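The whole structure should be built from the sequences, with the hints applied where relevant.
Sequential numbering from 1 applies to the sequence shown in our numbering.
Derived from the structure by calculation, the hints contain no laboratory data. Please read these numbers as outputs of a predicted model, since none were measured by experiment. There may be inaccurate statements among the hints.
Stated by the list, open to error - Below, in silico cross-link-like pairs of lysine to any residue (SDA-like), each with a Cα-Cα straight-line distance of 25 Å or less:
#1 99 <-> 177
#2 99 <-> 158
#3 99 <-> 161
#4 99 <-> 162
#5 99 <-> 86
#6 99 <-> 171
#7 99 <-> 110
#8 99 <-> 175
#9 99 <-> 148
#10 99 <-> 112
#11 99 <-> 204
To be verified - Have a look at the derived ranges for each label pair, beta carbon to beta carbon:
#12 230 <-> 207: 29 to 39 Å
#13 163 <-> 225: 17 to 27 Å
#14 70 <-> 230: 56 to 66 Å
#15 135 <-> 110: 22 to 32 Å
#16 229 <-> 106: 21 to 31 Å
#17 193 <-> 228: 47 to 57 Å
#18 215 <-> 178: 17 to 27 Å
#19 81 <-> 225: 52 to 62 Å
#20 134 <-> 232: 32 to 42 Å
Ideal placement from N, C-alpha and C gives every residue a C-beta, glycine not left out.
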Amino acid sequence: MGRSQHSWPGPRPSDDAPLAFSANAGGSCGRTGDNDIVEAAIPLAFTAAWASGINPYLLVFLMGILGRVVSLDVPAAFERVDVLVVFAILVAVDAVADKIMWLDSAWDVVNTAIRPIAGGVVALLIASPTIELPGAVIAAGGGTVALITHLAKATTRLAVNTSPEPASNVVVSVAEDTAIVGVVIIAIINPWVAAAIAAVLFVAAVIVALALAGTARAVITGRRNRKRSLESGQSPGAAQP
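Okay, here's the thing in C-alpha coordinates:
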(Lines of atoms letter the chains of each structure in order from A and count residues from 1; the text may use other names and numbers.)
(Lines give C-alpha, C1' and ligand atoms only; values in the text may rest on other atoms or scores of the structure.)
Protein backbone atom coordinates (compact mmCIF):
# COMPACT_ATOMS: atom_id res chain seq x y z
CA MET A 1 0.00 0.00 0.00
CA GLY A 2 1.34 3.44 -0.86
CA ARG A 3 1.81 6.20 1.66
CA SER A 4 1.33 9.93 1.30
CA GLN A 5 4.44 12.05 0.94
CA HIS A 6 3.05 15.06 2.80
CA SER A 7 4.94 16.44 5.75
CA TRP A 8 4.38 15.42 9.32
CA PRO A 9 2.29 16.18 11.21
CA GLY A 10 -1.10 16.34 9.60
CA PRO A 11 -4.04 14.08 8.96
CA ARG A 12 -3.37 11.60 6.21
CA PRO A 13 -4.90 12.82 3.00
CA SER A 14 -7.88 11.10 1.47
CA ASP A 15 -9.11 11.11 -2.11
CA ASP A 16 -11.25 14.20 -1.53
CA ALA A 17 -8.59 16.00 0.51
CA PRO A 18 -5.32 15.62 -1.39
CA LEU A 19 -3.35 17.98 0.79
CA ALA A 20 -3.20 17.29 4.44
CA PHE A 21 -1.97 19.98 6.75
CA SER A 22 -2.87 23.63 7.06
CA ALA A 23 -0.30 26.12 8.27
CA ASN A 24 -2.69 29.04 8.20
CA ALA A 25 -2.98 31.55 11.01
CA GLY A 26 -5.54 29.48 12.79
CA GLY A 27 -3.40 26.38 12.60
CA SER A 28 -6.34 24.22 11.67
CA CYS A 29 -6.05 20.88 9.99
CA GLY A 30 -7.80 20.35 6.68
CA ARG A 31 -7.38 20.91 2.97
CA THR A 32 -4.49 23.15 2.06
CA GLY A 33 -2.57 24.52 -0.86
CA ASP A 34 1.00 23.77 -1.84
CA ASN A 35 2.28 26.98 -0.24
CA ASP A 36 0.74 26.03 3.10
CA ILE A 37 2.39 22.61 2.99
CA VAL A 38 5.79 24.15 2.24
CA GLU A 39 5.37 26.76 4.97
CA ALA A 40 4.40 24.09 7.50
CA ALA A 41 7.43 21.95 6.68
CA ILE A 42 9.91 24.63 7.75
CA PRO A 43 8.77 25.01 11.39
CA LEU A 44 8.10 21.28 11.70
CA ALA A 45 11.64 20.44 10.62
CA PHE A 46 13.08 22.94 13.10
CA THR A 47 10.91 21.67 15.94
CA ALA A 48 11.85 18.06 15.24
CA ALA A 49 15.55 18.93 15.05
CA TRP A 50 15.35 20.75 18.38
CA ALA A 51 13.59 17.79 20.01
CA SER A 52 16.17 15.39 18.54
CA GLY A 53 18.92 17.32 20.29
CA ILE A 54 17.29 16.48 23.62
CA ASN A 55 15.75 13.04 23.18
CA PRO A 56 15.50 11.65 19.64
CA TYR A 57 14.17 8.32 20.93
CA LEU A 58 11.14 9.95 22.53
CA LEU A 59 10.52 12.06 19.43
CA VAL A 60 10.53 9.14 17.00
CA PHE A 61 8.46 6.96 19.33
CA LEU A 62 5.92 9.75 19.85
CA MET A 63 5.65 10.41 16.12
CA GLY A 64 5.17 6.71 15.44
CA ILE A 65 2.43 6.39 18.05
CA LEU A 66 0.67 9.52 16.76
CA GLY A 67 0.85 8.12 13.25
CA ARG A 68 -0.89 4.94 14.35
CA VAL A 69 -3.37 6.26 16.90
CA VAL A 70 -4.30 9.71 15.60
CA SER A 71 -3.72 8.91 11.91
CA LEU A 72 -1.18 11.68 11.40
CA ASP A 73 1.02 11.58 8.33
CA VAL A 74 4.51 10.73 9.62
CA PRO A 75 7.46 8.95 7.95
CA ALA A 76 6.17 5.43 7.31
CA ALA A 77 9.14 3.72 8.97
CA PHE A 78 8.30 5.32 12.33
CA GLU A 79 4.99 3.43 12.46
CA ARG A 80 6.45 -0.04 12.00
CA VAL A 81 5.94 -2.29 15.01
CA ASP A 82 9.58 -3.34 15.17
CA VAL A 83 10.72 0.29 15.07
CA LEU A 84 8.26 1.24 17.81
CA VAL A 85 9.45 -1.65 20.00
CA VAL A 86 13.11 -0.70 19.58
CA PHE A 87 12.47 2.96 20.31
CA ALA A 88 10.23 2.11 23.27
CA ILE A 89 13.20 0.26 24.76
CA LEU A 90 15.50 3.19 24.00
CA VAL A 91 13.02 5.60 25.60
CA ALA A 92 13.03 3.44 28.73
CA VAL A 93 16.84 3.29 28.80
CA ASP A 94 17.05 7.05 28.33
CA ALA A 95 14.45 7.62 31.04
CA VAL A 96 16.67 5.80 33.55
CA ALA A 97 20.12 6.94 32.41
CA ASP A 98 19.06 10.57 32.09
CA LYS A 99 17.99 10.81 35.73
CA ILE A 100 21.03 9.40 37.53
CA MET A 101 23.82 11.75 38.56
CA TRP A 102 26.90 11.51 36.29
CA LEU A 103 25.37 8.59 34.40
CA ASP A 104 23.34 11.23 32.57
CA SER A 105 26.54 12.95 31.46
CA ALA A 106 28.00 9.64 30.30
CA TRP A 107 24.77 9.06 28.36
CA ASP A 108 25.18 12.51 26.78
CA VAL A 109 28.67 11.53 25.62
CA VAL A 110 27.28 8.36 24.03
CA ASN A 111 24.65 10.45 22.24
CA THR A 112 27.00 13.18 21.02
CA ALA A 113 26.91 11.77 17.49
CA ILE A 114 23.46 10.17 17.64
CA ARG A 115 21.40 13.27 18.45
CA PRO A 116 22.78 15.53 15.68
CA ILE A 117 22.51 12.74 13.12
CA ALA A 118 18.93 12.06 14.23
CA GLY A 119 18.12 15.76 13.96
CA GLY A 120 19.41 15.89 10.41
CA VAL A 121 17.64 12.71 9.32
CA VAL A 122 14.28 13.62 10.85
CA ALA A 123 14.42 17.16 9.43
CA LEU A 124 15.21 15.67 6.02
CA LEU A 125 12.33 13.19 6.19
CA ILE A 126 9.90 15.96 7.14
CA ALA A 127 11.03 18.74 4.83
CA SER A 128 12.57 17.16 1.74
CA PRO A 129 9.26 16.17 0.06
CA THR A 130 8.02 19.78 0.09
CA ILE A 131 10.99 22.18 0.32
CA GLU A 132 13.01 22.73 -2.84
CA LEU A 133 16.41 22.65 -1.17
CA PRO A 134 19.21 20.10 -1.51
CA GLY A 135 18.81 17.29 0.99
CA ALA A 136 22.29 17.95 2.32
CA VAL A 137 21.31 21.52 3.22
CA ILE A 138 18.18 20.40 5.08
CA ALA A 139 20.06 17.64 6.91
CA ALA A 140 22.91 19.99 7.82
CA GLY A 141 20.49 22.57 9.17
CA GLY A 142 18.62 20.02 11.26
CA GLY A 143 21.85 18.46 12.46
CA THR A 144 23.25 21.84 13.50
CA VAL A 145 20.15 22.72 15.51
CA ALA A 146 20.22 19.30 17.18
CA LEU A 147 23.97 19.55 17.90
CA ILE A 148 23.68 22.96 19.56
CA THR A 149 20.69 21.76 21.57
CA HIS A 150 22.61 18.63 22.60
CA LEU A 151 25.66 20.64 23.69
CA ALA A 152 23.46 22.98 25.73
CA LYS A 153 21.76 19.99 27.37
CA ALA A 154 25.05 18.24 28.11
CA THR A 155 26.62 21.40 29.55
CA THR A 156 23.59 22.04 31.74
CA ARG A 157 23.71 18.47 33.05
CA LEU A 158 27.39 18.78 33.94
CA ALA A 159 26.56 21.89 35.92
CA VAL A 160 23.58 20.22 37.61
CA ASN A 161 25.81 17.30 38.60
CA THR A 162 27.94 19.63 40.71
CA SER A 163 24.92 20.06 42.95
CA PRO A 164 24.76 17.66 45.91
CA GLU A 165 21.00 17.32 45.43
CA PRO A 166 20.29 14.28 43.18
CA ALA A 167 16.66 15.29 42.71
CA SER A 168 17.86 18.07 40.40
CA ASN A 169 18.65 15.53 37.68
CA VAL A 170 15.17 14.04 37.86
CA VAL A 171 13.49 17.44 37.69
CA VAL A 172 15.53 18.58 34.70
CA SER A 173 15.04 15.29 32.85
CA VAL A 174 11.28 15.27 33.37
CA ALA A 175 11.09 18.92 32.31
CA GLU A 176 12.97 18.15 29.08
CA ASP A 177 10.76 15.22 28.12
CA THR A 178 7.60 17.13 29.05
CA ALA A 179 8.71 20.00 26.83
CA ILE A 180 9.17 17.63 23.88
CA VAL A 181 5.74 16.06 24.29
CA GLY A 182 4.08 19.45 24.74
CA VAL A 183 5.75 21.09 21.76
CA VAL A 184 5.02 18.13 19.47
CA ILE A 185 1.34 18.22 20.44
CA ILE A 186 1.25 21.97 19.78
CA ALA A 187 2.89 21.35 16.40
CA ILE A 188 -0.11 19.26 15.40
CA ILE A 189 -2.34 22.29 15.95
CA ASN A 190 -0.05 25.08 14.76
CA PRO A 191 3.50 24.34 13.57
CA TRP A 192 4.62 27.96 13.71
CA VAL A 193 3.61 28.37 17.34
CA ALA A 194 5.42 25.14 18.19
CA ALA A 195 8.52 26.31 16.33
CA ALA A 196 8.42 29.65 18.16
CA ILE A 197 8.26 27.87 21.52
CA ALA A 198 11.08 25.54 20.45
CA ALA A 199 13.15 28.54 19.36
CA VAL A 200 12.64 30.28 22.71
CA LEU A 201 13.60 27.11 24.58
CA PHE A 202 16.57 26.66 22.24
CA VAL A 203 17.95 30.15 22.95
CA ALA A 204 17.15 29.92 26.66
CA ALA A 205 18.96 26.58 26.93
CA VAL A 206 22.08 28.01 25.30
CA ILE A 207 22.07 31.04 27.62
CA VAL A 208 21.49 28.93 30.73
CA ALA A 209 24.15 26.43 29.66
CA LEU A 210 26.74 29.17 29.21
CA ALA A 211 25.90 30.67 32.60
CA LEU A 212 25.94 27.32 34.37
CA ALA A 213 29.18 26.33 32.67
CA GLY A 214 30.93 29.27 34.33
CA THR A 215 29.43 28.41 37.70
CA ALA A 216 30.32 24.74 37.39
CA ARG A 217 33.88 25.62 36.38
CA ALA A 218 34.26 27.78 39.48
CA VAL A 219 32.86 25.06 41.75
CA ILE A 220 35.11 22.37 40.29
CA THR A 221 38.16 24.63 40.54
CA GLY A 222 37.35 25.39 44.17
CA ARG A 223 37.03 21.71 45.01
CA ARG A 224 40.35 20.93 43.35
CA ASN A 225 42.07 23.72 45.26
CA ARG A 226 40.67 22.48 48.57
CA LYS A 227 41.77 18.93 47.77
CA ARG A 228 45.28 20.07 46.91
CA SER A 229 45.43 22.10 50.08
CA LEU A 230 44.43 19.13 52.21
CA GLU A 231 46.94 16.89 50.45
CA SER A 232 49.73 19.40 51.05
CA GLY A 233 48.78 19.84 54.70
CA GLN A 234 47.62 23.43 54.29
CA SER A 235 44.29 24.85 55.34
CA PRO A 236 41.84 25.38 52.49
CA GLY A 237 41.98 29.12 53.05
CA ALA A 238 45.70 29.13 52.42
CA ALA A 239 45.42 27.53 48.99
CA GLN A 240 46.63 29.55 46.07
CA PRO A 241 44.14 30.24 43.26
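Any of the earlier hints contradicted here, and which numbers? Checked against the structure, the only hint that fails is number 20, while the rest are satisfied.
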